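Please construct the entire structure, taking both the sequences and the accompanying hints into account.
As they're listed, the protein sequences go chains E and F. Note that the numbering used here gives residue 196 to position 196 of the first sequence, counting from 1, and the numbers run on in steps of one. Note that the numbering used here gives residue 7 to position 7 of the second sequence, counting from 1, and the numbers run on in steps of one.
Bear in mind the hints are in silico, worked out from the structure with no lab data behind them. Please note that the accuracy of each hint is not assured.
[Unchecked claim] Between beta-carbon pairs, the in silico distance windows are: (1) E:VAL643 x F:VAL184: 36 to 42 Å; (2) E:GLY634 x F:SER202: 28 to 34 Å; (3) F:SER202 x E:ALA633: 26 to 32 Å; (4) E:VAL643 x F:SER199: 28 to 34 Å; (5) F:ASP181 x E:GLY634: 22 to 28 Å; (6) E:GLY634 x F:ARG78: 35 to 41 Å; (7) F:ARG78 x E:ALA605: 56 to 62 Å; (8) E:ALA633 x F:HIS81: 53 to 59 Å; (9) E:THR614 x F:ALA108: 37 to 43 Å; (10) E:ALA633 x F:GLY63: 34 to 40 Å; (11) F:LEU115 x E:ALA626: 29 to 35 Å; (12) F:LEU115 x E:ALA633: 22 to 28 Å; (13) F:ALA52 x E:TRP644: 45 to 51 Å.
Nothing here was measured: the structure is a model prediction, and the numbers come from that model. Cβ coordinates follow ideal geometry from the N, Cα and C atoms, glycine included.
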Amino acid sequence: MSPGPLLLVAFLGLTAGTAGCRRMRFWLVATLTGCASGLAAGAWALIAGPVWDWEPGVALGGQSVHLRLDAISAFFLVLLALLGGAGSLYASEYWADRAHPASAPPGRVWWNALLGFMALVLMSANGLHFLMAWELFAVCAYFLITRERHKREVRAAGWLYLAASHTGTLCLFAFFTSLASRTGSWELGPLRDRPDLAPLFWLALFGFGVKAGLFPLHVWLPSAHANAPSHVSAILSGVAIKMGIYGLVRFSGWLPVPEAGGWVVAGLGVASAVLGVAFALGQHDLKRLLAYHSVENIGIILIGLGFALIAAARGDAAWGCLALAGGLLHVWNHGLFKGLLFLGAGSVLHATGTREMSQLGGLWRAMPRTALLFGLGAAAISGLPPLNGFVSEWLVYLGLFEAASSRGPAAWAAVPAAILLGMTGALALACFVKVCGVVFLGLPRSAAAQRAHECGPSMRAAMMLLAAACVAIGLAPVLFWPLVIRTVAAWRPEWNAAAPSVPLTTLGIVHVALALMAALAVAVLGWLVRRNGLARAVTWDCGYAAPSARMQYTAGSFAGIITGWFAWILRPRTHAQPVVGLFPKRASLDQHTPETVLEDVVEPAGSMVMRLSTAVRRLQHGRMSAYILYLLAGVAALALLAVWGGAR
Amino acid sequence: MTDTVNLFIGLAMGLNLMALASSRIPSIIRIEAAQGMVLGVLPLLLEGEPSALVIAVAAAVVGVKGFLIPSLLRRAMRAAHIDREAAPRLGFVPSLLLGAAATVGALALGLALPLMPEHARLLLVPGSFATIICGLILLMSRTKAITQVCGFLMLENGIYLFGLLLLGSTPLLVEAGILLDLTVAVFVIGIIVDRIQRSFDSLDTRMLTELRE
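In structure tokens form, the structure reads like this:
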């Protein structure tokens with residue numbers, strides 16, 4: 001038995017879904033079958049199977065097709081299949097034919113193609129085919145992001161995504177072609193004994209880093225995630241950006257890494273984590289805020305990977321293993337809870353038609369199940385026990401603490417990294433208190449929020465699936481530990497024996513106890529409420545007897561103090577007309593946090609390039625004689641070069 | 001014999017400078033005709049005992065460049081009522097100085113290039129460079145369409161001079177083809193010049209910038 005037949009079924013399911021995209025039920029069944037088989041294949045390869053290698057002897061683009069499913073690929077494939085299934089289920093109701101008759105069927109085709117090509121990226125063992133699948137999956141994602149391309153900001157987001165993605169792909173072209181020219185083959189595989197390949201790591205870091213959205217390269221991420229349909233945001237944030245992480249993990253495992261590589265990755269990880277959450281705090285758009293949390297979580301994953309690389313360079317297996325295991329488990333966890341959160345945000349958007357948090361509020365009355373599931377995801381992403389976010393962050397912390405108790409520069413770096421990671425967790429908690437408080441609690445701030453309704457069964461089922469996975473990893477981490485360790489061993493085979501013993505059983509018991517206590521508390525409270533009834537009273541109102549919904553804390557005012565700490569990088573733009581005098585006139589306050597890197601670095605650089613090229617364009621004026629002068633100057637320069645070269 | 005060839009090439013280089021210095025269009029046409037004839041005779045001198053083929057080529061070059069093309073140009077000039085390059089983009093003295101500098105530079109370049117021993121003592125390569133550059137200077141500095149045609153002719157003469165290096169191996173058909181192309185080109189330009197004159201009442205090529213993209 002091998003994963004081959006299962007993968008074939010997955011392929012057939014996705015293809016059949018593409019062919020039958022006009023009939024929604026058929027598409028859903030076919031795609032879900034495909035995702036389930038993919039999940040089974042990944043789980044099989046991860047739990048038991050040896051490396052699955054498949055070379056059918058067919059050539060594509062002059063290279064023979066070669067697919068390989070080892071533990072690392074399988075680890076990411078499981079996440080892809082799970083989120084792909086949940087997203088399909090969700091989309092069948094969220095992006096239904098009735099509401100989107102023109103864009104729903106093509107959207108399903110792109111969706112299936114996206115899933116298929118991402119799976120190909122994961123399994124491709126040939127550099128050329130890797131690049132093909134990579135490019136095709138990026139293009140599919142573009143068409144999914146621009147489902148609502150009649151809106152200007154959606155088109156702008158899609159364009160930015162495409163430009164950024166291709167910048168990264170350009171680096172990957174350089175990476176794979178240099179790799180192929182230095183090794184003489186496009187075949188990918190372990191090449192750790194070739195120290196001359198180490199500098200290629202920087203190309204891979206940039207190319208995969210753009211896709212992963214690590215801090216200065218994340219410019220495309222917020223607008224693309226915010227403007228895509230929510231199930232697409234979920235898969236983009238949950239899986240697509242993890243493809244960048246997959247690339248980094250894959251090639252840092254197969255190829256030698258330069259001495260400074262681990263330090264740079266860890267540094268970028270810390271920067272992404274802290275600044276990602278800082279930017280998230282400044283956002284007023286629900287999905288944009290979640291998108292910045294993706295930057296933060298990619299940072300946490302990279303901290304794990306970076307310290308693992310440092311450990312590998314120093315030969316410290318024990319804490320490197322822990323850090324990488326934490327990072328990898330966080331790949332899963334972030335995919336699960338961020339998928340859940342985006343689907344929850346999609347339900348809010350579906351029910352109210354707005355992502356603007358200043359228009360929402362009080363939604364838990366209208367949509368209690370969504371509120372509950374979103375709250376669960378928020379607790380998980382904030383790293384609160386007994387959920388899965390805590391488990392993976394705890395593993396990263398353990399790795400950092402072990403590193404801190406070792407000797408050398410890694411110890412010095414681990415302490416600030418751990419402190420900043422703790423700060424990130426606290427800020428993330430603050431941010432999600434803000435989200436849950438502003439969106440679900442209080443009173444509705446607009447008519448749209450008042451008319452909100454609970455989402456349908458398919459959307460709820462998709463969210464419940466992801467929430468169940470979050471709870472499962474949180475309550476029984478020990479079940480998932482062998483899978484993570486197998487993946488770590490595939491990354492560095494020599495670490496196989498050095499797997500550290502982690503008290504995950506104890507952690508699981510504590511988590512179960514915490515969950516039971518919470519359930520007990522809820523039951524007791526519910527019983528008390530039912531026995532005594534609820535008495536409603538006015539809020540404490542400072543003596544003002546007629547408070548209105550507009551007097552609630554807004555998203556901006558809630559996070560105002562914290563965003564103030566980060567004003568040096570957030571650079572919030574405020575247009576204020578303050579209240580003056582005893583009989584004040586109309587006053588207003590409007591605050592907006594721009595994407596600093598995009599608006600202050602990328603855009604000025606881009607406009608400078610445009611100015612330069614416009615200046616060069618003036619050389620093209622249609623005067624023949626000047627063209628002859630260019631020609632003559634060019635020939636003269638060549639002649640000089642020839643004479644100078646001859647003289648040397 | 002080498003001296004005779006060098007003398008003729010030197011003559012052609014001198015004619016370059018004369019063309020750069022003259023302001024009247026008929027005299028430029030006359031100079032081009034003379035240069036064409038001087039260069040047309042060269043194959044006979046280069047080959048010790050010229051074959052019938054070489055004689056035919058030389059006769060054709062002299063006939064076309066010395067008589068046919070100049071007469072076509074004169075006709076176009078008469079049709080356009082223009083016989084003076086009134087406002088050149090670069091003055092006559094500066095363009096003459098530039099041409100002289102180009103000639104000196106071409107000689108220096110000829111010394112620096114690794115040539116075959118049988119060509120090393122001939123002025124073929126420097127002469128061809130000098131003529132090409134002078135042709136380009138003429139093209140750049142003059143504004144009237146007919147003068148520009150003369151610049152192209154000079155450019156072609158330079159290329160032809162370079163082609164003489166391969167006299168033995170260039171097939172007749174190529175020579176004949178080049179000559180035919182040139183004649184047709186001048187013929188067509190003559191018609192175009194007439195049309196431009198009728199449409200715009202000017203032959204100033206500075207105004208012809210609409211088709212740049």
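Taking the hints in turn, this is what the structure says about them:
| no. | hint | verdict |
| --- | --- | --- |
| 1 | E:VAL643 x F:VAL184: 36 to 42 Å | 38 Å, holds |
| 2 | E:GLY634 x F:SER202: 28 to 34 Å | 31 Å, holds |
| 3 | F:SER202 x E:ALA633: 26 to 32 Å | 29 Å, holds |
| 4 | E:VAL643 x F:SER199: 28 to 34 Å | 46 Å, violated |
| 5 | F:ASP181 x E:GLY634: 22 to 28 Å | 25 Å, holds |
| 6 | E:GLY634 x F:ARG78: 35 to 41 Å | 38 Å, holds |
| 7 | F:ARG78 x E:ALA605: 56 to 62 Å | 59 Å, holds |
| 8 | E:ALA633 x F:HIS81: 53 to 59 Å | 36 Å, violated |
| 9 | E:THR614 x F:ALA108: 37 to 43 Å | 39 Å, holds |
| 10 | E:ALA633 x F:GLY63: 34 to 40 Å | 37 Å, holds |
| 11 | F:LEU115 x E:ALA626: 29 to 35 Å | 33 Å, holds |
| 12 | F:LEU115 x E:ALA633: 22 to 28 Å | 25 Å, holds |
| 13 | F:ALA52 x E:TRP644: 45 to 51 Å | 46 Å, holds |
Of the numbered hints stated above, those contradicted by the structure are hints 4 and 8, listed in ascending order.
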